[in-house]
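Trainee: Assemble the dimeric complex from its two separately framed chains, guided by the hints.
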Amino acid sequence: MLDPLSWGARLASALVYPRTLDDFVGLVAPLRSRRAHHAEVVLVRRETYDTVTLVLRPGPHFPAHRAGQHTALTLEIDGVRRTRVFSIASAEPRAGERHRTIELTIRARPSGLVTPRLTGRDARALREGDIVELGAPRGDFVLGTPVPDRLLLVSGGSGITPVMAMLRTLVARRHRGEVVFLTWAKSPRDTLFRAELDAIAKAAPLTCPGLRIAVVHGPMSEGDLAARVPDLASWEVFACGPSGMLDVVRADLRKHGDLTKLHTEQFSAPTRPPAPEGEGGEVTFARSGKTAEGRGPILPMAEGAGLRPKHGCRIGICHTCVCRKVSGTTRDTATGALSTDGDVDIRICTSEPVGPVVVDL
Amino acid sequence: MTHTTLSPSELESFGAEIDALLTRTKADLGERDTRYIRRVVRVQRGLEAAGRALLFASGFSPLFPVVWALGTGALAASKILENMEIGHNVLHGQYDFTNDPTLSSQTYEWDIVCPSEQWRHSHNVLHHTYTNVRGVDHDLGYRMLRVDPSQPWTPLALLQPLSTLVLGLLFQWGVAAHDIDMPKYLFRPSERTEEQREKVRELFAKAKKQLRKDYVLFPLLAGPFALHVLAGNLVANVVRNVWSFLVIFCGHFPEGTETFPPEALDGETRGGFYLRQLRGSANFEGSWLLHVASGHLSHQIEHHMFPDVPAHRYPEMAREVRAICGKYGVAYNSSSLSSQVWSVAKKIVRLAFPSAGGDATPTAA
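Chains as they are written, first to last, in my numbering: chain A, 23 to 383; chain B, 6 to 370.
If we strip away everything but chain B, and leave its shape as in the complex, we get (with noise of 0.2 Å):
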């Protein structure tokens, strides 16, 4: 791969075009993004009541197989663009030009077990800031996977092909967690502070109405049909967890992504900013609906770039951010859905092993 790094005019002049790009946007932003979002959230709704609706009528269906597998699916594809085109977007305040209170990252309430709340502070504040920098982004493994050769290598590690795919089952919770510090409030009680008590008083509230509308009041409602809704609305929420699994750990843990030191902060340029965002990204390629279904996260370097953009312009903004590295040389680090996963995956697997040592990640100073 190429590896360059930019003389402090170049960075300078690089940062410029990628501001220009953004300012150009931002100008640009009105009817068509509001318009796009609207009927995004018409959608979902949509889906969502025919998903619950199928799974009602599925017991009384001579072809109960095909209505279940509907429904569920209907259910799932609403999670999915839910929690990724629109409730991960709103939350990054995409829509807040809109001033509409209902798009408000201010206000806006997704529907998984993370409290919007907390996951703006440890996805926005932490992570979108300081993105890749070891010791501070814990996104980084999520304090649970060696991401990066440079993390310490424990007999832990070991047992993390299978720990990141019980990660992918149950991704929520994995986010959920993530702002707390759950293995030191768990495992150090001692230490907790009432920050972190508050948080998991909020968490465990939003948690027990989430389980309960899934696993309890709706198939109470379906009566003897009870397990089929209960089977679909959790095949709905693990399918929706394994996709944005799938499609976060290819943003950022693919070969080629790289991390940083705490160094790297240290009177760091807007240049800086956006070369850093974007040697710590990755993209992946494929139709129009994989791009909405990811809530264009497919376009990992654009939103690291531009995180307040409306999302579905990222298609558009990454022809000319191409460009630009074309320009300069920095490497754009692009390529198909299956070929990131396969590198994502081979890279989880050799650093489970400690003989995989620094040589084969280089890590960016």
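Next up, chain A with everything else stripped away, as it sits in the complex (with noise of 0.2 Å):
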């Protein structure tokens, strides 16, 4: 790619307008657009019967990631572009080195709309070769530097992905220090990265004198760690499942350790069932700061709240007033369809809020 500053993509982006360079890039080589990170799919590889593991070849302007960050994975179903967050499953990469692959391990939400076309047994959604939007690795959910001396990785259900990446990272660097890393699974068939965590363990003597590695099934319950781990209160630990569990981490660790030293993630959305007709719901104005409540298109809160959204025809005609949805579920007033999704836009003159929606107003 030509330094965007020089004289010769100067010259080019005068040339294409009103198109960018990257418009005509995007055809022919998406991995070195700049306008977003877009990944190869190397490798679709199937790890439990609901579970499946992208591996992905990021382009080269792909920001190396530290383990246990996210990335939102975009992708296109049914001609409709959505996002969705996953942890990065895979080792980060040395310093200064550069990714060349990245892994997902995506486990597929029964009511969902994207996870089960990536997961089931006849998953067309994604293919070895398909192009897929990624967004930059963000997240806090990281091991600090230096690596503390005891370290307790918890993790239940699909949770496991950013701890496997910390025990990935952990493992290539034939890490010296005490690691406990705990994970819990409904059952041996819903266990993710089983053949690994067998082989890890097998070979930690050699590489990670300082490791132990269990796997339990069943719900987790209080008192778990204190009975598995002695002086819970000596450990930093990084714990990532599903609510319910991370609630029994902080209780066993008030009882028996230290919640100061205590790091969360936590992923699984809360699945909302749609409202009745007409229900109505409170709009929050992201920007502004501003709520409102009540039933009808969001145009006329919104300017019942004092704000001077921009508008037109106010009848779902010219699209003047799109503006972002954050988050939440809106129905058009003309079609009754629904939009359930994150981070799309809508027309607020058409749309009503089903139960609590965020714009971006």
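Keep in mind the hints are simulated off the structure, nothing from the lab.
Since we're looking at a predicted model, the values are computed, not measured.
One thing to keep in mind: the hints can contain errors.
Unchecked claim - Below, a list of computed lysine-lysine pairs in the DSSO-like style, where the Cα atoms sit at most 27 Å apart:
no. : chain 1 : residue 1 : chain 2 : residue 2
1   : A       : Lys332    : B       : Lys31
2   : A       : Lys208    : A       : Lys277
3   : B       : Lys214    : B       : Lys189
4   : B       : Lys332    : B       : Lys351
5   : A       : Lys332    : B       : Lys189
6   : A       : Lys332    : B       : Lys204
7   : A       : Lys312    : A       : Lys332
8   : A       : Lys224    : A       : Lys208
9   : B       : Lys213    : B       : Lys189
Stated by the list, open to error - With the C-beta cut set under 7 Å, the calculated list includes, among others, these residues of chain A facing chain B:
no. : residue
10  : Gly101
11  : Thr357
12  : Leu360
13  : Thr362
We put the beta carbon where it would ideally sit given N, CA and C, even for glycine.
Mentor: Right, here's the structure in full:
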């Protein structure tokens, strides 16, 4: 790619105006696009009956991630772009190195729109060679430097993915400190990375002598941590899993450990059934910090709250009032169609809230 | 022509049937539409690159006129596709459902001088909401032509057969001047508003980049063949202008299209809105290629009923709209492109003269 400030690039930009260079680069070499990060699907690997691992090769501008961080994966399903956030499960690259590939391990949420299409037996949403969009790696759920002497990695279900990235990183670095890796799974057939965990445990005396790994089946209950880890207060704890499990971890640490040494990560967004017809809801206007509550289209609600959003026809024709919905469910008053995704554009003159909604106004 | 006014209950069920078609179509939007517009975008980019390359090559080729004509043709075709099937339709929000930032009505900038934002106001808001309402929809003659007998005649109208031709050649500049109300801006400087000034600044900034690209940078890059490239670019722009002018004029001004007094908007129902769009618009028929080249504005009636439905769906929706119109006995204005062009031309010439009173084109209330 040309240096964007160079004369060549400026000339090229002037020649393709009002398109951007990216509009052309993106068609022939999407991985080199600068508008957004893209990655090629190198491999789709089945992990369990309802999980799949995507091995992705990002473009040259993709920043290195740190173990525990997540990325926003955008792909097209039925012609509509959908974005979902997943932890990166692969080890972080060595300092100064670039990624060759990253891995996302994804479990189907039965009521989900995206994950079942990636993981099902006849999943067709993604195949090897496809191009997806990736957000830059983000998140504070990362090991500090230097890595704490006594490290406890706790996970439940698919919450194993960010701590797996930590484990893989520590093993690759032949980490010498004490590490306990505890993961809870519903049953043996639900256990992720089973073979790899066995292999790591077997090799540990040579590679990471201070490492212990345990896979527990069934739900986690209070006292479990203290029973398995002596002197709980001396450990730095990284925990990721469903909210119920994190509550148990907190309770154990409150009693037997040190809550200030706890780092948590949680993804499973609570699924909310669509509200009954005409229920209305509370609208939060994120940019102005205002809120409004009621039924019917969001545009008059915003105006009632003292905002002056850009608008035109007010009847759903002109698309002047389109703005970003950050989260929540809205219903199109003309067609009755529900929009449940976050980070999508909606017309506020014909969209009514169904439960709590956040819009970027 | 048939002239039916529907009773309130008929109007309501007419509106409900059109609404049902809209809901059904919107529920079906998906991969087919995304794939379609992506394919059009790829073809357009390919044509643009090929056109520019051929124009460059034409100077070196012994077959100069052939290569030049091919290059100019490819560039004109690319500009037509970008203007009509991509730009116009994306700016209507037809592909907003894809959530793809490169197909978003809010950010797309099209390859003609009119800034997208200004066009979305004059076209999406004023024209599509108040279609053919006299005094509100400035697309009725674009503040310069007399296209309806209710518009007062002035001696200036005598020139309109000529000025229409000039408008056709320079159409993108007419579109660009439209949202600003350029005649008023130029001739009544004391009434200029800050908003107008801002729009003029935006327009100048975009016009500069448009002109620089086609008439300075590309020709200069061609060195000794600068004139070949400049001429090719000029012809391509004019071809696109004339074609989009024809498509738009055939959509609203053939015989049989009606205009409405401002009172028509009072208490207008959904059915009333659809009926006004139907009566104020006209379709033209032709091949698949003609429809694509017109950005499917060959189906102006469906476009006015469903402005944010992906336009390539209009041909299939038109069959149902036509059947519904037949059921309610309302006229559906559709004819070949040539007969609609002829119809518009006759009207422009006839209305240039004051004698053409109100009886030739009935005006619905």
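Trainee: Now look at each hint and say whether the structure bears it out.
Mentor: Do the hints match the structure? See the list:
1. A:Lys332 to B:Lys31: holds, 25 Å
2. A:Lys208 to A:Lys277: holds, 25 Å
3. B:Lys214 to B:Lys189: holds, 25 Å
4. B:Lys332 to B:Lys351: Judged against 27 Å, a Cα distance of about 31 Å means the pair is violated.
5. A:Lys332 to B:Lys189: The given pair, whose Cα atoms are some 25 Å apart, holds under the 27 Å limit.
6. A:Lys332 to B:Lys204: The given pair, whose Cα atoms are some 16 Å apart, holds under the 27 Å limit.
7. A:Lys312 to A:Lys332: holds, 17 Å
8. A:Lys224 to A:Lys208: Holds, at about 23 Å.
9. B:Lys213 to B:Lys189: holds, 23 Å
10. Gly101: This hint holds: A:Gly101 lies near chain B, its Cβ roughly 3 Å from the closest one there, short of 7 Å.
11. Thr357: holds, 5 Å
12. Leu360: violated, 11 Å
13. Thr362: With a minimum Cβ separation of about 13 Å from chain B (threshold 7 Å), the hint on A:Thr362 is violated.
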